[in-house]
Amino acid sequence: MPANAFNNYTDYGIGIGLRVPHYRHILEKKPVVDWFEIISENFMCDGGRPLEVLDQILEQYRVVQHGVSMYFGNADKPDREHLKRLKALVKRTQTPWLSDHLCWGSVDGRYTHDLLPMPYTFAAAKVTAEKIRLVRDFVEVPVCVENVSSYAEFHASEMTEWEFLSEVAELADCGILLDVNNIYVSSKNHGFDPYDYLNNVPHHRVGQIHIAGHSKFKKYILDTHDHPVLDPVWKMYAHAIKLCGKTATLLEWDDRIPSFDEVHNEALKANKFVHELETAKVSA
Amino acid sequence: MNSKPRKSPRNARSRAQLRELQRLMSSALFRPLTAGSGMQKRWMDGRKMSEVAAQFIKPNDRLTSFERLEIYNRQYWFRILDCFYDDYPGLRAVLGGRKFEKLAKAYLAQFPSASFTLRNLGGRLEKFLREDSSWTAPRSELALDMARFEWAQIVAFDGAALPPVTPDDLLDSPPGKLRLGLQPHLTLLALDFPVDDFSIAIKKRDALRAEASNAMDAAPKAARLKKVSLPKREKVFVAVHRCDNTLYYKRLAAEAFEILTAIRAGKTVRRACENAFRSSRKTAPEIGAQIQDWFQNWSSLGWFCKPRKRP
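For the record, the sequence lines run as chains A and B.
Numbering-wise (this note's numbering), the first sequence opens with residue 467 and increments by one.
Numbering-wise (this note's numbering), the second sequence opens with residue 1308 and increments by one.
With the rest of the complex left out, here is chain B:
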């Protein structure tokens, strides 16, 4: 985010002046709110914000320039925080409300939305968390897993689905030469925590809460305070995908994860399978049967599509 203090153009008599005015106002909007959800009292260069606002916003008989600009500053932050809360309920449960709020504000201040749709708001959260774990310490690894898992759900919800490959597509391709693509809406995750189970537990708890609050004026305190235990460290492999336009998570065996990851990376089917089972103690017939079973399942889920052409 460009934090350079902007001049305060009083005119918009050219495209350049219009741009400067828009840069100034958006810079004001992107600045985080105070603890009391108000606009910051000082501009980036130390000037009073009321003076900066008065230079380009007209006051009226009820509101100062500062107050009028503050309406937009507040709307901006309320809107994007609301969206972020909706997209990351699991991460909120991992961190707790207060810490999650601090993280959300820090992330959104560093990475304002760069897309016409709020759907992409969390698109750079993984990068942000990897670069600075202080917002999530001491649960940084768990928080990172949860953030990746929740972003994968957004991708699975409305990501692209390409035509699945058919048996006919594969007829003339021996496994040694066969390359496949994976659906863009499918995300493969190697996780250090079983956040899929944790996420389901959170959803169940919230659904119970909603039922309780519908049945009476206020949800019982005990229900409101009920905590879901955080997951213990355990390596799991998960595919997040959609089938018939419904979102699913599917646990994968380590070898299955390795095969799919290799296929996505452009390896041939044979190479992907050989590598995945290179240190396996299973017999060749057992491995063959297992691979056949998996591929049938993945095909029935429509995970395979034609590979992207290499540049």
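Chain A with its partners taken away, still in its complex shape:
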């Protein structure tokens, strides 16, 4: 399942996040990279250097948009101005699909700038799915919704997180950006088996996978994106592609960002698992 409707029938391979400390290296050295993921909000501005860099990147590379502020799970309706800006960027990047998080983050026009967990209820799933459909219809590209890492759960919840993700994806008929690091982090914080999660999401809807590093604290794990990917997460990744098929994969590294080569080499480790999967298929 290398390509499906949720990633617009593309086969993008292994990408990394486009980050400011790497701009010069990328523009001067032009390294071979399958694709870059951009944070949409960093380029939803009116002009200046960010858009100049983006246009230079777009001349040479495939770019996919990933958002951090659509807040599909907000009780409030989406902001039309925000949607217009997002659509303008979609036209500019020609992103084959776009993703954002299964979370909420603002209410009454005030923003937390965080990816806050949802109460896993049928009503919340319905509200969330409605918004995903609205966004997809407005921007006119497939949407993948990403599971977040979380540190709290609500009494209000009526189902598990993976049941909620599945419910939302089915109601919205959207794709899933499966973040295996986030599943791992949340499994440790909430005490569930991460493989139950992986095994029980609708695999045919997975359009993209995220991998990343995290930080362990005494009583919880934080999703910090400031480390290489840890072994348990790589194991989950191997399991995920076994279930979903070879899927467009992206390494997130957002803090204490090392050299471009270090980040890219870390991402390319994913190829080992892809090759193992393909070898196993051939042998079978």
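No lab work stands behind these hints: they were computed from the structure.
Since no wrong hints were added, every one of them can be taken at face value.
Using C-beta positions, here's what the derived DEER-type ranges look like:
| no. | chain 1 | residue 1 | chain 2 | residue 2 | range |
| --- | --- | --- | --- | --- | --- |
| 1 | B | 1347 | A | 486 | 33 to 41 Å |
| 2 | A | 475 | B | 1550 | 38 to 46 Å |
| 3 | A | 683 | B | 1553 | 38 to 46 Å |
| 4 | B | 1403 | A | 742 | 51 to 59 Å |
| 5 | B | 1534 | A | 486 | 23 to 31 Å |
| 6 | B | 1416 | A | 546 | 23 to 31 Å |
Beta carbons: idealized from backbone N, C-alpha and C, even for Gly.
Chain A is fixed; fit chain B onto it per the hints.
For chain B alone, coordinates are given in the frame of chain A:
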């Protein structure tokens, strides 16, 4: 910010209940941290915060409801304070670290982010400082100038750039009727302190510090303690803009500032120029040459665009 204590909904079985839950949790997040960077122990109505948190957040075997909510409360404040620190290094230098931190917390508590992007976090700082100078006393005027100057840099960095006017656009317009617009990324500032020079000095100092800390395990104490003298009062006029996607500050003569301000306000070019030089002792040819020189320079910088249509 709405400080009304929220009820603690245990359900989210409708959009309205979901909204109430989100209002409750965001109210908790927006509340400032304690001096020890923890969540406040009491809710707005005096109840124990641990009781309020327990009503909607599940505990687990390692963390109480309070502690789980506190993770988000801390993340919120660390994130926005971090952003505010990055955006206002000059204001921090003017006020000193401790005072700047108090100001940042007070401002962000009164004006939580109202935009999807953290870029706009400082958008209401000027208003906040004008309405309450107690956070910046006794350097309130200098702090206000610096805050305006640093916000202008944010605008110049990624504000809109409209197509510049071309000589062809101006061919048929006599100065008496000609109106121009100024680029949205250009900010004109009349300042009581030369904060542009001060800002450059701060950046140089910080760059030196960074070099020192790269060369050895820890930056030398002397370098860390080195202070940049605060600017003395002096009226200056500054344009903050971008050219070829690089940020610039440009000092302006008082008359040049007046002309540009009048143009932005919608005055004709002739009216703007006449007003700026109305009490000048220069001769008409001198004034003409000066104006021509300025307009050539401003045009080459791409500052002029078509004026916005009046409603």
